[in-house]
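S.K.: Sequence:
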Amino acid sequence: MSYEDLPTLNAALNGAAGAVTLAGWLFIKRGRRVGVHRTLMLAGIVVSAGFLASYLAYHFGPVEEKRFQGEGLSRALYLAMLASHIVLATLLVPLVFVTAFFGLSGRFEKHVRIARWTFPIWMYVSLTGVLVYVVLYL
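Numbers -1 to 136, taken from this note's numbering, label the letters of the sequence shown in order.
Keep in mind that the hints were calculated from the coordinates and are not lab data. Glycine residues also receive a C-beta, built at the ideal position from the N, C-alpha and C atoms. Among the hints, erroneous ones may be present.
[Said to hold, decoys possible] Per label pair, the in silico range of CB-to-CB distance:
#, residue 1, residue 2, range
1, 57, 89, 16 to 24 angstroms
2, 88, 33, 17 to 25 angstroms
3, 31, 54, 13 to 21 angstroms
4, 111, 70, 36 to 44 angstroms
5, 21, 110, 14 to 22 angstroms
6, 72, 33, 39 to 47 angstroms
7, 58, 114, 18 to 26 angstroms
Full structure from sequences and hints, please.
M.R.: Structure, rendered in structure tokens:
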């Protein structure tokens, strides 16, 4: 694998993190299967950590970043999506840690309260991460 392959890996990891996290949410919402929920959410955290490591390797590596070439409205829409993705991804990191901490320490009321914010932000960040890849590379 080379540095040029990392954007594809990043998109795959972003999509996988979103899918695993969505599955974890569905298990707790539809069946109260706490053990499966915990396992899937921890898997989402691990996959997201893998994404973050790969993302940082790419952006601090020897490859020049690909820039969006569109103009006008398409550029404005892309930059709005990218800006919201970056801001929310930055906020997501501490939200995930706090949400996981409350859940793993048995403080379920606090866990649920913060997870109501963490989960939709995580889904948005995963989806827009894949969309950024699609717009730039496909």
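S.K.: Evaluate each hint against the coordinates.
M.R.: Status of each hint after checking the structure:
Under the hint 16 to 24 angstroms, the C-beta atoms of residue 57 and residue 89, about 19 angstroms apart, fit the expected range. Between residue 88 and residue 33 the CB atoms are about 31 angstroms apart, so this pair departs from the stated range of 17 to 25 angstroms. Checked against the hint of 13 to 21 angstroms, the pair residue 31 and residue 54 fails, with Cβ atoms roughly 34 angstroms apart. Range check, residue 111 to residue 70: about 42 angstroms between beta-carbon atoms, so the 36 to 44 angstroms window is met.
For residue 21 paired with residue 110, a C-beta distance near 18 angstroms keeps the hint of 14 to 22 angstroms intact. As the Cβ distance of residue 72 to residue 33 is approximately 45 angstroms, the hint placing it in 39 to 47 angstroms holds. Distance hint check for residue 58 and residue 114: the Cβ-Cβ separation is about 34 angstroms, which falls outside the suggested range of 18 to 26 angstroms.
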